Amino acid sequence: MHILFFAQAADAAGTREYRPDLPLADLETLWVDLLTRFPELEPLRPTIRIARNGEYVREGELFRHGDEIALIPPVSGG
Amino acid sequence: MHILFFAQAADAAGTREYRPDLPLADLETLWVDLLTRFPELEPLRPTIRIARNGEYVREGELFRHGDEIALIPPVSGG
Amino acid sequence: MPIEVTLTPAAIPRPCPLPVLETCGAVAEFYGTVRGEEAGEPIGALVYEAYEPMAQRQMERLAASLLEEYPCTLVRVIHRFGIVPVGEAAIYIGILAPHRREAFGFLSAFMDRLKTEVPIWKIKTLPR
Amino acid sequence: MPIEVTLTPAAIPRPCPLPVLETCGAVAEFYGTVRGEEAGEPIGALVYEAYEPMAQRQMERLAASLLEEYPCTLVRVIHRFGIVPVGEAAIYIGILAPHRREAFGFLSAFMDRLKTEVPIWKIKTLPR
Numbered sequence: 015m016h017i018l019f020f021a022q023a024a025d026a027a028g029t030r031e032y033r034p035d036l037p038l039a040d041l042e043t044l045w046v047d048l049l050t051r052f053p054e055l056e057p058l059r060p061t062i063r064i065a066r067n068g069e070y071v072r073e074g075e076l077f078r079h080g081d082e083i084a085l086i087p088p089v090s091g092g
Numbered sequence: 015m016h017i018l019f020f021a022q023a024a025d026a027a028g029t030r031e032y033r034p035d036l037p038l039a040d041l042e043t044l045w046v047d048l049l050t051r052f053p054e055l056e057p058l059r060p061t062i063r064i065a066r067n068g069e070y071v072r073e074g075e076l077f078r079h080g081d082e083i084a085l086i087p088p089v090s091g092g
Numbered sequence: 011m012p013i014e015v016t017l018t019p020a021a022i023p024r025p026c027p028l029p030v031l032e033t034c035g036a037v038a039e040f041y042g043t044v045r046g047e048e049a050g051e052p053i054g055a056l057v058y059e060a061y062e063p064m065a066q067r068q069m070e071r072l073a074a075s076l077l078e079e080y081p082c083t084l085v086r087v088i089h090r091f092g093i094v095p096v097g098e099a100a101i102y103i104g105i106l107a108p109h110r111r112e113a114f115g116f117l118s119a120f121m122d123r124l125k126t127e128v129p130i131w132k133i134k135t136l137p138r
Numbered sequence: 011m012p013i014e015v016t017l018t019p020a021a022i023p024r025p026c027p028l029p030v031l032e033t034c035g036a037v038a039e040f041y042g043t044v045r046g047e048e049a050g051e052p053i054g055a056l057v058y059e060a061y062e063p064m065a066q067r068q069m070e071r072l073a074a075s076l077l078e079e080y081p082c083t084l085v086r087v088i089h090r091f092g093i094v095p096v097g098e099a100a101i102y103i104g105i106l107a108p109h110r111r112e113a114f115g116f117l118s119a120f121m122d123r124l125k126t127e128v129p130i131w132k133i134k135t136l137p138r
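Line order of the protein sequences matches chains A, B, C and D.
Numbers given in our numbering equal positions in the first sequence, counted from 1, plus 14.
Numbers given in our numbering equal positions in the second sequence, counted from 1, plus 14.
Numbers given in our numbering equal positions in the third sequence, counted from 1, plus 10.
Numbers given in our numbering equal positions in the fourth sequence, counted from 1, plus 10.
Do not take every clue at face value.
[As the list claims (entries may be wrong)] Only part of the chain D face toward chain C is listed, based on derived beta-carbon distances under 8 angstroms:
id, residue
1, 33
2, 35
3, 39
4, 41
5, 49
6, 117
7, 134
[To be verified] Ranges between beta-carbon positions, derived for each pair:
id, chain 1, residue 1, chain 2, residue 2, range
8, A, 37, D, 109, 52 to 62 angstroms
9, D, 122, B, 43, 19 to 29 angstroms
10, B, 37, C, 95, 28 to 38 angstroms
11, B, 37, C, 32, 54 to 64 angstroms
12, A, 30, C, 111, 42 to 52 angstroms
13, C, 138, D, 122, 21 to 31 angstroms
14, B, 59, A, 90, 52 to 62 angstroms
15, D, 47, A, 60, 23 to 33 angstroms
16, A, 30, D, 137, 20 to 30 angstroms
[Stated by the list, open to error] Incomplete in silico selection of chain C near chain D, CB under 8 angstroms:
id, residue
17, 42
18, 114
19, 118
20, 119
Calculated directly from the structure, the hints in this document are not laboratory data.
Quick caveat: nothing in here was measured; it's all calculated off a predicted structure.
Ideal placement from N, C-alpha and C gives every residue a C-beta, glycine not left out.
Whole structure, please, built from the sequences with the hints as guidance.
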């Protein structure tokens with residue numbers, strides 16, 4: 015898995031990407047891993063949406079080896 | 015009084031203007047005069063709005079010597 | 011002068027450049043153009059008639075009244091009359107506003123009310 | 011091809027000429043430009059970040075989905091990222107439609123949904 019951080023999530027984590035050592039994860043497992051490694055993300059968690067391979071994830075979706083996962087804070091385009 | 019006809023009202027009346035011989039008139043008197051002179055306007059009457067000196071008239075308004083009065087069929091600008 | 015209304019037989023320039031104002035985050039423009047068909051038949055042009063002084067004043071007043079609800083910074087309206095060939099604009103509206111909502115609101119409301127209140131008529135079509 | 015979406019670091023041309031289509035009576039355009047102040051302080055530019063492939067696809071998909079409700083003939087969207095100086099456009103939307111209502115409806119709905127769904131961010135301001 016390859017995790018991308020954008021905007022405030024990149025600022026808080028202090029990095030733009032991260033490769034967790036997880037073969038398979040559900041959303042909760044992913045967040046536990048992320049917050050262990052980047053506790054600064056904790057206050058942002060309620061506002062962050064997760065995308066998997068360029069799509070917002072749906073409830074119950076699993077993350078697998080090879081997935082590109084993005085942490086998407088509230089957007090502000092336009 | 016100087017009466018101007020536009021669009022379908024001009025087509026129906028066959029003219030673009032008319033000067034009735036009325037010193038003072040309310041709306042009903044004006045219409046009686048108009049329909050006597052231009053009976054072809056009768057079917058348009060329910061859709062025509064009247065303007066006096068460039069303003070749509072309000073109920074009870076009187077028309078006087080020197081007024082410019084316009085017969086305004088449903089508009090279709092833009 | 012935040013409201014500029016022009017009623018003219020001349021072709022409406024396209025593009026019709028608006029100034030750049032640093033206080034404005036929204037630039038909205040609309041051209042209402044003559045379509046190549048009317049009631050299913052091909053046409054070459056529409057002919058518009060205007061009751062000129064009243065149409066001019068009604069458009070200015072309508073714009074002023076809508077600015078109370080939609081506070082835009084600059085509103086430019088050009089309505090053409092006479093012969094308007096297919097593909098050319100019968101009306102142009104250009105708006106500068108701090109934010110998009112007032113620009114879109116003004117644009118939509120102005121067109122709706124123009125089409126019920128302003129004494130301008132499509133009086134005929136011309137063939138190709 | 012009724013939907014053209016571009017995500018680019020290059021300046022958005024202004025004017026950004028749309029074709030003339032005889033089937034379309036409405037041409038609507040919107041530029042969302044960078045204002046000279048942010049939170050009351052003068053700024054020189056905004057910096058936008060985009061999750062490029064996802065933002066591109068989300069904009070295309072959003073446009074396609076809105077065309078079902080607002081059947082426009084041509085929709086062109088350009089979103090800029092990187093440094094966007096004050097007065098320049100961060101987004102452009104150009105629409106050709108048979109009638110104004112679908113053009114206005116598309117424009118307004120696209121901007122509303124862009125601002126909640128498309129992964130693009132204003133990440134910082136630059137001073138003058």
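**Asked** So which of those numbered hints doesn't the model satisfy?
**Response** Result: hints 5, 7, 9, 10, 12, 13 and 20 break, sorted rising.
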